[in-house]
Amino acid sequence: AQRVTQPEKLLSVFKGAPVELKCNYSYSGSPELFWYVQYSRQRLQLLLRHISRESIKGFTADLNKGETSFHLKKPFAQEEDSAMYYCALAREGAQKLVFGQGTRLTINP
Amino acid sequence: DGGITQSPKYLFRKEGQNVTLSCEQNLNHDAMYWYRQDPGQGLRLIYYSQIVNDFQKGDIAEGYSVSREKKESFPLTVTSAQKNPTAFYLCASSRGRQGGSTGELFFGEGSRLTVL
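From first to last, the protein sequence lines stand for chains G and C.
All you need for my numbering is the position in the first sequence, starting with 1, plus 782.
All you need for my numbering is the position in the second sequence, starting with 1, plus 49.
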């Protein structure tokens, strides 16, 4: 069965510093990978997906099939990036998502 | 205002009682989902439905039941058989697969169930 692992429950960085939230997955096929984000007092929402290959709010994520990873990166963190981040996987042809445990990111001023 | 509405936001239940959580969407989405969110465990899929009158078990379906009689509604019943029901429950919907890709999930605000 597919699995998503986010090794860091908590991550704290200073404003302006680079951020990397780690996500590793286990799945033998060709997955679709996503990052969802939940800001304080807001609903969980899609941040980005690997097939779009786009930067959202300065965040990027590259699917590395060799390392089975989909790490989320941002070169310069901002205070408004503080949130709970979830990595998620859909196996090919499926519509359901498997989520990781989540990482709470705190950006210190 | 389009979106997903979950009710109630907070619910208390005595042990041995069944309780039903409501989830309604007016986005005209085919697929709907129920996830359970526990600290340190992320979101775990309980049940999902890709079309009216059809649903499938997720990873932690034991002790739960659902129905999908209408496209816009996907209620979740937490039965007395669920051993640890105190949790935060999230409902979501999506258009389903489009262009060979998994559709974006749109989430409700959640329902917090506490068993006394």
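Hints in this document: simulated from the structure, not taken from any laboratory.
Just so you know, even glycine gets a beta-carbon here, dropped at the ideal spot from N, CA and C.
One should not assume that every hint holds.
What the hints assert, rightly or not - If you anchor each label on the Cβ, the simulated ranges turn out as follows: (1) C:Arg-161 / G:Asn-890: 37 to 47 Å; (2) G:Phe-796 / C:Lys-58: 34 to 44 Å; (3) C:Glu-64 / G:Glu-861: 39 to 49 Å; (4) C:Arg-144 / G:Ile-838: 11 to 21 Å; (5) C:Ala-130 / G:Arg-785: 24 to 34 Å; (6) G:Arg-823 / C:Glu-118: 31 to 41 Å; (7) G:Glu-849 / C:Arg-161: 19 to 29 Å; (8) G:Ser-808 / C:Glu-153: 15 to 25 Å; (9) C:Ser-129 / G:Ser-794: 35 to 45 Å.
As the list claims (entries may be wrong) - Here are the simulated DSSO-like pairs of lysine-lysine, each with C-alpha atoms no more than 27 Å apart in a straight line: (10) C:Lys-63 / C:Lys-132; (11) G:Lys-791 / C:Lys-132; (12) C:Lys-132 / C:Lys-58; (13) C:Lys-106 / C:Lys-63; (14) C:Lys-58 / G:Lys-791; (15) C:Lys-120 / C:Lys-63.
These are the hints, each one checked on the structure:
1. Taking 37 to 47 Å as the suggested C-beta distance range, the pair C:Arg-161 and G:Asn-890 does not conform, at roughly 29 Å.
2. Roughly 35 Å separates the CB atoms of G:Phe-796 and C:Lys-58, a value that falls within the hinted 34 to 44 Å.
3. Taking the beta carbon of each, C:Glu-64 and G:Glu-861 are about 43 Å apart, inside 39 to 49 Å as hinted.
4. Judged by the Cβ atoms, the range 11 to 21 Å given for C:Arg-144 and G:Ile-838 holds: they are separated by roughly 20 Å.
5. Range check, C:Ala-130 to G:Arg-785: about 26 Å between beta-carbon atoms, so the 24 to 34 Å window is met.
6. The beta-carbon spacing between G:Arg-823 and C:Glu-118, approximately 33 Å, falls within the hinted interval of 31 to 41 Å.
7. The given range of 19 to 29 Å is broken by G:Glu-849 and C:Arg-161, whose C-beta atoms sit roughly 37 Å from each other.
8. Checked against the given bound of 15 to 25 Å, the beta carbons of G:Ser-808 and C:Glu-153, roughly 23 Å apart, stay inside it.
9. Taking 35 to 45 Å as the suggested C-beta distance range, the pair C:Ser-129 and G:Ser-794 conforms, at roughly 41 Å.
10. Restraint check: the Cα-Cα separation between C:Lys-63 and C:Lys-132 comes to about 13 Å, which is no more than 27 Å; the hinted pair holds.
11. A hinted pair counts as satisfied when its Cα atoms are at most 27 Å apart, and G:Lys-791 with C:Lys-132 qualifies at roughly 26 Å.
12. Proposed proximity of C:Lys-132 and C:Lys-58 is supported: the alpha carbons are some 21 Å apart, at most 27 Å.
13. Of the supplied pair hints, the one linking C:Lys-106 and C:Lys-63 holds, its CA atoms being roughly 25 Å apart against a limit of 27 Å.
14. Note on C:Lys-58 and G:Lys-791: the hinted pairing holds, with a Cα-Cα distance of about 26 Å set against a maximum of 27 Å.
15. This hinted pair does not check out: C:Lys-120 and C:Lys-63 have alpha carbons roughly 31 Å apart, beyond 27 Å.
In terms of the numbered hints stated before, the structure departs from hints 1, 7 and 15, listed from lowest to highest.
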